[in-house]
Every structure is written in C-alpha cells, then in structure tokens.
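Using the sequences provided together with the hints, build the complete structure.
Chains as they are written, first to last, in the numbering used here: chain A, 1 to 257; chain B, 1 to 230; chain C, 1 to 230.
No lab work stands behind these hints: they were computed from the structure. Warning: the hint list may mix true and false statements.
What the hints assert, rightly or not - Restricting the straight-line Cα-Cα distance to at most 20 angstroms, the calculated cross-link-like pairs of lysine to aspartate or glutamate (EDC-like) are: (1) 221/A x 179/A; (2) 115/B x 132/B; (3) 115/B x 164/B; (4) 221/A x 250/A; (5) 106/A x 188/B; (6) 221/A x 245/A; (7) 115/B x 172/B; (8) 106/A x 132/B; (9) 115/B x 101/A; (10) 115/B x 107/A; (11) 106/A x 194/B; (12) 221/A x 187/A; (13) 106/A x 191/B; (14) 115/B x 182/B; (15) 115/B x 150/B; (16) 115/B x 145/B; (17) 115/B x 173/B; (18) 106/A x 182/B; (19) 221/A x 248/A; (20) 115/B x 146/B; (21) 106/A x 118/A.
As the list claims (entries may be wrong) - One-sided excerpt, in silico: chain B residues whose CB lies under 10 angstroms from chain A: (22) 27; (23) 89; (24) 101; (25) 126; (26) 167.
Here a beta-carbon is modelled for each residue, glycine too, at the ideal position from N, C-alpha and C.
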Amino acid sequence: MSVTVSTPVYEGPFDLLLNLIMKEEVELYEVSLSSIVDAYLAELERLDTCDLEMATEFLLIAAILVELKTRRLLPSDQRMDQDDEFGLWEERDLLLARLLECKTFKDAAVVLRRLAAEASLSWPRRTGIEDRFLHLAPDVLEGVTPDDVRSACLRALAPRPTFHVDTEHIAPIRISVADAVAALIDEIPRQGMVTFRHLTRDLFDRIEIVVRFLAVLELYKQGVVEIDQLGSFGDIHVGWRPGAEPADVDLIDAYEG
Amino acid sequence: MGDDAPVADDEATGVDREARRAVEAILMVAVDPVPANLLAQLLEVSTASIEEACANLADEFEAQRRGFALVRVGGGYRFQSHPDQAPWVERFVVDGQSSRLTAAALETLAIVAYKQPVSRAQLSAIRGVDVETVVRTLQQRGYIDEVTRDPGPGNAIMYGTTREFLERMGLDDIVQLPPLGDFVPGPEVVEALERGLRSDPEVEETVAMVADGSAEGTPADADGAAAPEG
Amino acid sequence: MGDDAPVADDEATGVDREARRAVEAILMVAVDPVPANLLAQLLEVSTASIEEACANLADEFEAQRRGFALVRVGGGYRFQSHPDQAPWVERFVVDGQSSRLTAAALETLAIVAYKQPVSRAQLSAIRGVDVETVVRTLQQRGYIDEVTRDPGPGNAIMYGTTREFLERMGLDDIVQLPPLGDFVPGPEVVEALERGLRSDPEVEETVAMVADGSAEGTPADADGAAAPEG
Chain A
1 MSVTVSTPVY EGPFDLLLNL IMKEEVELYE VSLSSIVDAY LAELERLDTC
51 DLEMATEFLL IAAILVELKT RRLLPSDQRM DQDDEFGLWE ERDLLLARLL
101 ECKTFKDAAV VLRRLAAEAS LSWPRRTGIE DRFLHLAPDV LEGVTPDDVR
151 SACLRALAPR PTFHVDTEHI APIRISVADA VAALIDEIPR QGMVTFRHLT
201 RDLFDRIEIV VRFLAVLELY KQGVVEIDQL GSFGDIHVGW RPGAEPADVD
251 LIDAYEG
Chain B
1 MGDDAPVADD EATGVDREAR RAVEAILMVA VDPVPANLLA QLLEVSTASI
51 EEACANLADE FEAQRRGFAL VRVGGGYRFQ SHPDQAPWVE RFVVDGQSSR
101 LTAAALETLA IVAYKQPVSR AQLSAIRGVD VETVVRTLQQ RGYIDEVTRD
151 PGPGNAIMYG TTREFLERMG LDDIVQLPPL GDFVPGPEVV EALERGLRSD
201 PEVEETVAMV ADGSAEGTPA DADGAAAPEG
Chain C
1 MGDDAPVADD EATGVDREAR RAVEAILMVA VDPVPANLLA QLLEVSTASI
51 EEACANLADE FEAQRRGFAL VRVGGGYRFQ SHPDQAPWVE RFVVDGQSSR
101 LTAAALETLA IVAYKQPVSR AQLSAIRGVD VETVVRTLQQ RGYIDEVTRD
151 PGPGNAIMYG TTREFLERMG LDDIVQLPPL GDFVPGPEVV EALERGLRSD
201 PEVEETVAMV ADGSAEGTPA DADGAAAPEG
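This is the structure:
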C-alpha cells in the first residue's frame, strides 16, 4: 500500500502518525513503513534546507511505528498471556492519550501564533528616560563585580546546546550483533551442540534474543556453525562445524541485513 | 501645579486632569509596562482610579485616531504604535520584530503556558522529543524562564512564561488565554484515532521460529520495548 | 472610524491625516530623535510638510494639555514627558524603576567588555534579540560608547566600554578583566563576530580566511578566549 505524504512539514513526532490516522483509511498496522520513509525523504529533499530537528523527529515517529509493528509481529501467537494482552491495550491507550495531548497543544499553539501575529503589529515604546533624569536613576552597576561581568559574558557566548534525540521511550538496544557473535564464538565451541533456547537462557529482552538469533544466522552464513531444527516450532539446535576456527570469523561492525 | 486649564474635566473619573497628565508623562519614559498599582502608589491615588483613567485615555487616543495607543499588556500600561500603522513603522524600524517562532517552539511554548510550572522532562514527555534546544531558545528570547525548582527528588528546574511572553502575545494576564478545554479534540477525532490504532495482529510464520526459540523465559517484553510513557 | 473626532483637519499642512498618524506611530517607537528628512523619505512626502505637520501636532498636544510633548531636538523630532510633569517622572525614575541591570543588559555589557569593538548588529546576532534599547541604556549610563566605525559597508557604529565602566569595576585597564579561560564560544557567536569583520561580502575567501585565522588566534577574535583588549 502506498502512502502519500503530502503535508509540507511534520512538526512533531506525533504529527505524522496523527496525520496518517486522521486521513482515515490508514490503519497503523497496514502502513508500509518503507513507503512512508520514501515519501518523507522525498519531501525532505524538496525543502531548501534540511531541518535536522524535523528529520530527527520523523525518525522518532518511524521508530515508534516500527516498535508497534514489531510488537504485533514478535509475540507471534495466541499463547500471548493475559498480561501481555492487557499491556498491549494499555500501551495503545497511552499512545492514544499522547496523540490527543499532542493535538490539543498543536491547536493551542495555533492560537498563540495568531495572538503573536496580532501583537507584532504594534511596537512598544522603549525609549526610556530622558537625559535630564539620568542623575536620579538608580545605580544599576551597584554590586556588580568583574567576575559577574565574566560570568555574564560566558553565559551569553556559550554554545547553544546541540540537538539530540530523546530516546527514553524506545527500547535501548544494549547489544550489537557483533557483540553477540563474539559471545557465541566463545560459547558454542565449548558446548558442542546446543539449543538456541539454551543460548538465550539468560536473556530476557526480546530484542537481545533477536540480536542473538541474527548472530547465529551470521555465523551460519560464514560457515562456522550448523543449524538444525527437528520440526516446526521445535527447538533449534546450533553446533560448531568441525574444523572451523573461531579466529576465522569476520567480526562484523554492524549487521547490515 | 497650575490646574485651570481649559480641558474637558474628569470629575466622573475620580482622577483629576493632573493625574492623567502624570500617567501620560510616566508612560512616555517607561521601558516596560507600568503596573496600575505602581502608578497609584506614585501618584497617591487608588488603583481603581488609575485603571479608570488609563481606560479613558486609551479611548481618547482611539477616538482621536492617534497613530499610537495606550494599552494594558503584560500586567501594566504602555504606549505602543497603533497596529494599523504597522506598514509605516516597519519601514522605520531597522531591526524588525524578533523573528518568528518555529511550530515546534510554539507548541512547546503552548505547553509551558498552560502547564506552568513545568519541567523540561515533562515537556519532553509531552512533545515526544528532547526539548533542550527549544527550551533554551525560548528562554534566550525571553518567552519563558526558570520560575522555581521541583521540590521532589532531582530538584528539576521548572519553567513558566514571562511578562515578555505576555507582551508579545498582547495579553495582560495569562488567564486571558482561552481555556485549554477549548482545544481538547472532539469525540470524532478521538474515534478516528482509536480506529487508526486498532490492533489486528496477523501472525507471520517467518518469525514464528524466532519467537519459538525464545518463547520461554521472555517475560519482560511489556516494558522492554514499551510504548512511550507520559 | 471616528472621522468626527474633534481634531483639526490638515488641509492646510499638505500632509493628510494618515501621514500624521504615521509620524505619531514612528515617533512613539523611536529611541532617538527622528530627523524630518528621514520621516519625509519614509512617508514619501516633502520635508517641509513633515515639519509643518510636526509643528501642528506639537501645538495640538500642548492645547490638549497632554502629559507629553512632541519636541524638536538634536535635529529631529521626539516624544518626551512634558517639562511640567518632571516631579512625577522624577518620582518614577527614583522609586518605580528596577535598581539592577537586567540579566539581558548585563550580558550585553559583558559582550561589549570582552569583544570590543562590537557593533549593535553583532550584539543582536549574538544575543538573538534586538538590543537597541539595552545599548541605549548602557550608553546613556555612560558604561559604553561609540569608539569607532566599522570600515566595511554601512560603517556601523562600533561600541566599547568607557573609562566610567572601568572605574565602576575598580579596574585600571580593560585587560584586567578576569580572562574567559579556555572557553570556546558557540559557532553562532563566532559567525556573528566574523560577519562584522567582512569588509567585502562577495569575497567568500575573506570570510574563510578570518575563520581560519581565528583558530590560530588572530587578534580580531582570539581575545574571546584570552584577555580582553582595551
């Protein structure tokens, strides 16, 4: 399904989502992420200057969408327990609440813009006192020291903060595929044949398990492990290929799949 | 002060002509809006009579179709150019008005205006992005400022709007903002959003294998990749 | 609109009511007296008609016994408080004004102290807001003054601190200000300062050279990281 992103700018992380949903017919789980991304990148290119903030915010909403999509895909089946089911609803309600809040303040901001535009038609008189009253004016440098002047200068000249994305609500990816590969080439040769379940026994974040699975696939691709699965939904067995040397494995910087 | 001038008398206002002249003179040299109670104190009259005098002066300037206006803004009174003279004043003013705020800045400003005092973390949570840059810009440009510290752990800086904000919005007091309730989306929007977020999962077999391998001992997905929290 | 306002009409002056309103608006927001020929140019009328209009307005305000006056001073026109209101204005100046420099004013003064000579445009760019009023206040108080002119196009006035400022700080020489240390100013600051040094805007290389030179410590802006220059 193709999504046309026609709004000129999305000025908040929830704007895009809000927009897509408000255009009706779009259901979150049917949105093809790649088509949104493509459309959006095309949109960005049309802009004269690339607005870093806008682009980053878009990445955020894309991340949220990916996250929601993965949640739909990964729990996989009917075995999802009641808590998970509840959690998903709760999460959806939270997102709904945030979208509503976002919309509320977007509309309030429109009013502020109008007020500011009206007010900007008038310039205040800021001429100040006439010279003949100067001698009466309070001594405004009273108590100001050279150090105060220095601090004020530092404050005024300080670099503005660099923009960075707040990712607090996105699950941090604590391990990389490269790290997982390193862990596996240490562990598998020692274990001989081992189940994937065993390899992930002490992991509890789904993303870590996914990363480890990708690492297994990577080792398989490089021909140092063998994989066997006895039946559908059966345990996956992973074994070190006889004669393969852990040192042969190219440690990858990042998974490119 | 000599006061036998042939000018419309102001018995009705409760403030004599001299007090009105004094108000005009003071506002002419003031840099910021002058609160009614300060004028009252300086002129030794009641605040109510100052308010009445200023309202009358404002009406008078308007009736005389002056190129300037006396307005109540930012908690006080000030002289300003008349809005309909903007095209001429623009020609004259070199620096122009301070540049316009971006939509992101305005939305953040709206949250501060309605939720103040509010911390940066709270703003970030609502906006869904880090607001450090925006907050700094708003603060540098005088729209918001640190007003207090969160008494709770961390003592987060709490931000609020400034008098400058009121002046730039043409408001006398923050309570003049339309109530936030006016902006809460109607039921049709809520419904549309709910429909959009409807979950209708379809299991894809390709990943079943992964899920299967990890099916046990993965209790923590509810928070691992959790949705944004408010 | 109040076409029936009790104001003398201006057929005789050659300047219509709208031009007079524009004059009022501009003079109300002007920081310094505005020359008649500048007003004439802005409003596209003759200087003589501006002079006549201003004279009429001045008479009108006097006749209405306003608390302010429109006066001709220093080659231009300006609004000021009426001389007979001086006692009230004095009261306001003594009791109604803040006795401290605002944070914004102190920061502007500090930039001048460390980065002098510096133009108002550079100050505005660094501060992110218009500094006209602040510069005027600082100059009025005798803390800063025009020290030179930018040799580049526009010949902008360049400001520096005064003897008075040094005395107030208890310093003999500006180099005695505490050094800023290893501090590196933000890129927008560097850019703002460089912009003022561009004497030939079309030659990009000049800018590049300046930027490059600054890293090595050209006197022009390395003072930021070292001791201020007098």
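To see whether the hints hold, each was checked on the structure:
Taking the CA atoms of residue 221/A and residue 179/A, the gap is about 17 angstroms. The hint holds against a cut of 20 angstroms. Simply put, residue 115/B and residue 132/B have alpha-carbon atoms about 17 angstroms apart, close enough for the 20 angstroms limit, and the pair holds. Between residue 115/B and residue 164/B the alpha-carbon distance is near 18 angstroms, which keeps this suggested pair within the 20 angstroms criterion. Restraint check: the Cα-Cα separation between residue 221/A and residue 250/A comes to about 11 angstroms, which is no more than 20 angstroms; the hinted pair holds.
At roughly 17 angstroms between alpha-carbon atoms, residue 106/A and residue 188/B fall within 20 angstroms of each other, so this suggested pair holds. Proximity of residue 221/A to residue 245/A is assessed by CA-CA distance (about 14 angstroms); at most 20 angstroms being required, the pair is judged to hold. For the proposed pair residue 115/B and residue 172/B, the alpha carbon gap of about 18 angstroms is at most 20 angstroms, so the pair holds. Restraint check for residue 106/A and residue 132/B: satisfied, since their Cα atoms lie roughly 19 angstroms apart, inside the 20 angstroms limit.
For the given pair, residue 115/B sits about 12 angstroms from residue 101/A by alpha-carbon distance, which is consistent with the 20 angstroms threshold. The hinted pair formed by residue 115/B and residue 107/A meets the criterion: a straight-line CA distance of about 15 angstroms does not exceed 20 angstroms. The straight-line distance between the Cα atoms of residue 106/A and residue 194/B is roughly 19 angstroms, inside the 20 angstroms bound, and the hint therefore holds. In summary, the hint linking residue 221/A to residue 187/A is supported, as the alpha carbons are separated by about 18 angstroms, within the 20 angstroms threshold.
Proposed proximity of residue 106/A and residue 191/B is supported: the alpha carbons are some 18 angstroms apart, at most 20 angstroms. In summary, the hint linking residue 115/B to residue 182/B is supported, as the alpha carbons are separated by about 15 angstroms, within the 20 angstroms threshold. Straight-line distance between C-alpha atoms of residue 115/B and residue 150/B comes to about 14 angstroms, which keeps the hinted pair within the 20 angstroms bound. The hinted pair formed by residue 115/B and residue 145/B meets the criterion: a straight-line CA distance of about 14 angstroms does not exceed 20 angstroms.
Distance hint between residue 115/B and residue 173/B is fulfilled; the C-alpha atoms sit about 15 angstroms from each other, no more than 20 angstroms. Among the hinted pairs, residue 106/A with residue 182/B is consistent with the structure: their alpha-carbon atoms are about 12 angstroms apart, no more than 20 angstroms. Only pairs whose Cα atoms come within 20 angstroms are accepted, and residue 221/A paired with residue 248/A is accepted, the gap being roughly 12 angstroms. Restraint check for residue 115/B and residue 146/B: satisfied, since their Cα atoms lie roughly 14 angstroms apart, inside the 20 angstroms limit.
Note on residue 106/A and residue 118/A: the hinted pairing holds, with a Cα-Cα distance of about 19 angstroms set against a maximum of 20 angstroms. For residue 27/B, the interface hint holds, since its Cβ comes within 10 angstroms of a Cβ in chain A; the closest pair sits about 8 angstroms apart. Nearest Cβ of chain A to the Cβ of residue 89/B: about 6 angstroms, under the 10 angstroms cut. The hint holds. Residue-level restraint check for residue 101/B holds (minimum Cβ-Cβ distance to chain A is 7 angstroms; threshold 10 angstroms).
With 10 angstroms as the threshold, the beta carbon of residue 126/B comes within range of chain A, its nearest partner Cβ sitting at about 6 angstroms, so the hint holds. For residue 167/B, the interface hint holds, the least distance from its beta-carbon to any beta-carbon of chain A being 7 angstroms, beneath 10 angstroms.
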